[in-house]
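*Asks:* Spelled out, the chains give:
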Amino acid sequence: MKPAAGLRRSSVVFALIGALALMLALEVAHAAWRAPAEARRIAASAGLVRSLGLTDLALFTEARYARHPALADLHSAFQDNPMSFEHFPSGSFVPLPHALPASALGFSADEVSR
Amino acid sequence: MTPFLRRQRALADYTLAALARRRGKNLALVVIFSVIVFVVASAMLFSAALQREADLVLAEAPELIVQQLVLGRQDLIAETEIAKLTAIRGVTAAKGRLWGYFYDRISGANYTVMVPDDPAMMPEPGTVAVGEGIPRARGFTFAQAPLFLSRWPGELQKFAVARTFDSDSALVSSDLVLMAESDFRRFFEVPPGVYTDIAVSIRNPREIATIVEKATRAMPAARFVTRDDIARTYQKLFSWREGLLVALAGAAILAFAIFAAEKASGLSAEEAREIGVLKAIGWDSSDVIAMKLWEGALIAIGAFLIGTVAAYLHVFGTGAALFAPVLKGWSVIYPDFRLAPQIDGMQLTALFLITVVPYVAATLVPIWRAASADPDQIMR
Amino acid sequence: MISLQSVSKLYNEGRPNEVQALRDIDLEIAPRAVTVFKGPSGSGKTTLLSIVGCMARPSTGRVFVDGQMVSGLPEKFLTEQRRTTFGFVFQRFNLIRGLSVLENVMLPAVPLGPDHAALRRRALDRLEQLGLGAKADMKVEYLSGGETQRAAIARALINDARILIADEPTANLDTELTHRFLEIVAALRDEGRTVIMTSHDPRIWEADMVNAVIEMQDGRISGAFA
Amino acid sequence: MIFQTPILALLLVSLLASLVAVWSGWFGLRVLARWNLASGSRAQLQMERLTELVSTLFRFVMLAELVALLLFVFNADRMASLFVGAMCAVGTLNVNPYGFPALYAKIAVFFAAAVWLMLDRADRMGRDFPLTRVKYVALVGIAPLVLLSAGLELTYFLNLRTDVITSCCSKLFTPVNPNLAAELSGLSPGAALWLLGGSGAAVVLAGAGALIRRRGAQGFALAGAVLFGVAIAAIISVVSSYIYEHPNHHCPFCILKPEYGYYGYALYGPLFAGTALALSAGVLQGFARVPSLTGVLPALIRRQIWLSLGAFALFGVAVIWAIVRSQLILFG
Numbered sequence: 048m049k050p051a052a053g054l055r056r057s058s059v060v061f062a063l064i065g066a067l068a069l070m071l072a073l074e075v076a077h078a079a080w081r082a083p084a085e086a087r088r089i090a091a092s093a094g095l096v097r098s099l100g101l102t103d104l105a106l107f108t109e110a111r112y113a114r115h116p117a118l119a120d121l122h123s124a125f126q127d128n129p130m131s132f133e134h135f136p137s138g139s140f141v142p143l144p145h146a147l148p149a150s151a152l153g154f155s156a157d158e159v160s161r
Numbered sequence: 089m090t091p092f093l094r095r096q097r098a099l100a101d102y103t104l105a106a107l108a109r110r111r112g113k114n115l116a117l118v119v120i121f122s123v124i125v126f127v128v129a130s131a132m133l134f135s136a137a138l139q140r141e142a143d144l145v146l147a148e149a150p151e152l153i154v155q156q157l158v159l160g161r162q163d164l165i166a167e168t169e170i171a172k173l174t175a176i177r178g179v180t181a182a183k184g185r186l187w188g189y190f191y192d193r194i195s196g197a198n199y200t201v202m203v204p205d206d207p208a209m210m211p212e213p214g215t216v217a218v219g220e221g222i223p224r225a226r227g228f229t230f231a232q233a234p235l236f237l238s239r240w241p242g243e244l245q246k247f248a249v250a251r252t253f254d255s256d257s258a259l260v261s262s263d264l265v266l267m268a269e270s271d272f273r274r275f276f277e278v279p280p281g282v283y284t285d286i287a288v289s290i291r292n293p294r295e296i297a298t299i300v301e302k303a304t305r306a307m308p309a310a311r312f313v314t315r316d317d318i319a320r321t322y323q324k325l326f327s328w329r330e331g332l333l334v335a336l337a338g339a340a341i342l343a344f345a346i347f348a349a350e351k352a353s354g355l356s357a358e359e360a361r362e363i364g365v366l367k368a369i370g371w372d373s374s375d376v377i378a379m380k381l382w383e384g385a386l387i388a389i390g391a392f393l394i395g396t397v398a399a400y401l402h403v404f405g406t407g408a409a410l411f412a413p414v415l416k417g418w419s420v421i422y423p424d425f426r427l428a429p430q431i432d433g434m435q436l437t438a439l440f441l442i443t444v445v446p447y448v449a450a451t452l453v454p455i456w457r458a459a460s461a462d463p464d465q466i467m468r
Numbered sequence: 003m004i005s006l007q008s009v010s011k012l013y014n015e016g017r018p019n020e021v022q023a024l025r026d027i028d029l030e031i032a033p034r035a036v037t038v039f040k041g042p043s044g045s046g047k048t049t050l051l052s053i054v055g056c057m058a059r060p061s062t063g064r065v066f067v068d069g070q071m072v073s074g075l076p077e078k079f080l081t082e083q084r085r086t087t088f089g090f091v092f093q094r095f096n097l098i099r100g101l102s103v104l105e106n107v108m109l110p111a112v113p114l115g116p117d118h119a120a121l122r123r124r125a126l127d128r129l130e131q132l133g134l135g136a137k138a139d140m141k142v143e144y145l146s147g148g149e150t151q152r153a154a155i156a157r158a159l160i161n162d163a164r165i166l167i168a169d170e171p172t173a174n175l176d177t178e179l180t181h182r183f184l185e186i187v188a189a190l191r192d193e194g195r196t197v198i199m200t201s202h203d204p205r206i207w208e209a210d211m212v213n214a215v216i217e218m219q220d221g222r223i224s225g226a227f228a
Numbered sequence: 004m005i006f007q008t009p010i011l012a013l014l015l016v017s018l019l020a021s022l023v024a025v026w027s028g029w030f031g032l033r034v035l036a037r038w039n040l041a042s043g044s045r046a047q048l049q050m051e052r053l054t055e056l057v058s059t060l061f062r063f064v065m066l067a068e069l070v071a072l073l074l075f076v077f078n079a080d081r082m083a084s085l086f087v088g089a090m091c092a093v094g095t096l097n098v099n100p101y102g103f104p105a106l107y108a109k110i111a112v113f114f115a116a117a118v119w120l121m122l123d124r125a126d127r128m129g130r131d132f133p134l135t136r137v138k139y140v141a142l143v144g145i146a147p148l149v150l151l152s153a154g155l156e157l158t159y160f161l162n163l164r165t166d167v168i169t170s171c172c173s174k175l176f177t178p179v180n181p182n183l184a185a186e187l188s189g190l191s192p193g194a195a196l197w198l199l200g201g202s203g204a205a206v207v208l209a210g211a212g213a214l215i216r217r218r219g220a221q222g223f224a225l226a227g228a229v230l231f232g233v234a235i236a237a238i239i240s241v242v243s244s245y246i247y248e249h250p251n252h253h254c255p256f257c258i259l260k261p262e263y264g265y266y267g268y269a270l271y272g273p274l275f276a277g278t279a280l281a282l283s284a285g286v287l288q289g290f291a292r293v294p295s296l297t298g299v300l301p302a303l304i305r306r307q308i309w310l311s312l313g314a315f316a317l318f319g320v321a322v323i324w325a326i327v328r329s330q331l332i333l334f335g
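These protein sequence lines map, in sequence, to chains A, B, C and D.
One gets the working numbering by counting positions in the first sequence from 1 and adding 47 to each.
One gets the working numbering by counting positions in the second sequence from 1 and adding 88 to each.
One gets the working numbering by counting positions in the third sequence from 1 and adding 2 to each.
One gets the working numbering by counting positions in the fourth sequence from 1 and adding 3 to each.
Extracted from the complex, chain A is given alone in its bound form (with noise of 0.2 angstroms):
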């Protein structure tokens, strides 16, 4: 950060920042410039899930009923309690799925999502 002879301390580090927007700026643009390859490829994968009848990522596949998060077996062990701490790592991303139905839990949508 030692100031050049007869440049300015702000100037340089005005720079810097400036230097930074810009890679943040360069970054938004690579996203744009990303999207229609990234659209063809996502694309692809939906029209894999369509023709395959898939319902959920393959992120969580250290157990069975985390493979499937929408379409969980919401009786299985450690999920009974819907705040209960999770055997398997992943399990702190995957919380139950709070947007079935009521009449097909059995009990209120109310206990669920607490």
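These aren't lab readings, by the way, just hints derived from the structure by calculation.
Fair warning: there could be bad hints in the mix.
What the hints assert, rightly or not - List of simulated lysine-lysine pairs, DSSO-like, C-alpha gap at most 27 angstroms:
#, chain 1, residue 1, chain 2, residue 2
1, C, 141, B, 113
2, B, 183, B, 172
3, B, 351, C, 141
Given chain A, work out where chains B, C and D should sit, using these hints.
*Replies:* Chains B, C and D only, in chain A's frame:
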């Protein structure tokens, strides 16, 4: 430049000169702050990107899934139920789905075994199509290696791998093993006439609620999961977790803000004397406040930019390498995926409010306290 | 032209450590002249200087600068008045450590937002006049006593103040440097500036170029000599 | 629901604003009781210095609130997919009865704080701080508003329930429903544009009058406030339709979405700025005769009127551009 801007620039100059005197300490401050911003920003970008991917991909999921419940647990559903569903007006098609899990004792991984919905995707009997995670889990060394599945010691079934999905679709297909229906029923001993669940297509999405209502009357024991339920589950899953992470990081931000306030209020005798000198030579309180705000703003904005720029590189350049271990948990098959880069104004605004504002807020009162020193105290 | 009418100053009023620093002072200070306050320490010289220099408000009484009453002004306006009218040289000079001589000299102008290049030139000229041109980029802590004082004078004059206020300017200087200082002061007066000093240094109040000496004791004026 | 980054950010800003409001309201009461500029006492000096702190804090909170207002609407828009039936911010805000009041309170805080900051600025221009009492009476009035806004916002976020079926803008802003929003959307496009043009002309006349006669900025403020109301009505009734290129889409929020090029910001930004400046010019006019301000205040008022007119002009350009650019033809 107007005098106003020149004054601001000169104030910035002064504060930088003052900061440069304790260079190591102030750089450390920027670094710590940047790390906090980096963590929060990474969490935001990562979960937003995952959420978007889930939204777009799962928009093609079946409109409605019907599951049979027995004693509160999901059970196989009889083929006869399909007719009840197709009888409802507005239902285009209802198909039984066959899928389940297979625990592979060799690799210790859980596979999702499935019979594809679309006949065009159906593998020949004796062959399978697998996701990119399976060869990795099995340590396949050559392209045409067959897949051996064994349900109990001594049993062994050989499948030829007809197709491997590439990592472009890893997020949905990583752990899949697709089989022909005949293979599936034989290997898993699923009797004919039953399915895992039923996928229902509905022509007009506005009618879903009505159709669910009618179907509930026809099949009181069943559970209905609509596509919107799935999408909402994912949106909540990611934004809730992101929020929790941000709240945790909030503790870090709070600690940092307290530290900043402490730093700003616990002015050393030297700094207090300096502010006294500035006031004595003609700086007003508002000048001192503006100067100190520049200090805070330069540190905060610098850290904000560094943290955000690095977070983008981390999430989209390295595939969120630091988060992977948490998401991965104990799963053997973790998809090898890249997320679609995405960053928007709202994320940046929220991030800015949550990181920069507390820091500046915490320093305001101490700054004022320093600035309101008596100008003549320097002479006493 | 500065005049004070029955000015008193209390420090820490209402507390056990209350101090009456000035009692009922009436005073006129001539423009374009050198005025020296002398008196033992604790006699109220410095307090008087800070009130004259718009640095503190009197507890009672009125202060006029160029016919305008400044004693009732809020701090903000007092500061505005101060930075355009007065330049200060403090007893310990109070340059800011870690900054270069040039940066120190430019500091009082910062709140006014002048053009940076012009200001820099002005500061360099001023330093040149005072024989410090070569040391402009040096950190102030490496200056000698006399150089520090001259840097402080340059800083006091950067806003082209008409009135220079100096508190015990020669306390730490040897005879030669004191003479050098008095020469500078004489030159400033000849430029048309007013100089107001406190000192208990006989070398100062016996100098020829001093126009008025005001003696103080226990917060009161005890004598004035022209 | 509360554990979402934007919500956390919004609540944080509200919390800070409330702290500042409570503290400065209390300080305002002290000022009203004990302010005496003639005194050189330590307590008075301390109080004068505290006013500096109040101004700084308020400016800071005001900036944060401005960003928060944007984020609030943006976030409401984003969360729409969480709620059954919601398509944009309207649905999200309608999830419980606190959504719209929270938004209105936030807007009110914005205008009140803007006017207060101008009052503060004028006060600090006079050598005897002539408006200090007025300023702190106003502050004591604004503090509860800030608290109310924070309270509404917190209640709103705490009561977000995803299982509530909410309504979408297409339901709210249709002429068939008997409510204010529907009335506004039912306003005929021609009448709305005439009203908008009329109140725009009134603003220009009042502004020119105030600039030439050097008084009467109150009239300008009134015209500005009327223009604000009319402009919102016109946006709902006709301008938004032009942007959506759909005669029956009347939502004032969807125009903020990326699908419509964030056009709403070009409309609301200048409109809010112009109105805030007009209001503060009107308020300041009342003090133009205060002796210590006669030298400086008229210039400030004139500048505000000019800026306000400029902002309204930008708004006008944005409206005209929206209409010209649109494929939709409502007239002819």
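*Asks:* Against this structure, judge whether each hint is valid.
*Replies:* Going through the hints against the structure:
no.: 1; hint: C/141 with B/113; in the structure: holds, 20 angstroms
no.: 2; hint: B/183 with B/172; in the structure: holds, 12 angstroms
no.: 3; hint: B/351 with C/141; in the structure: holds, 25 angstroms
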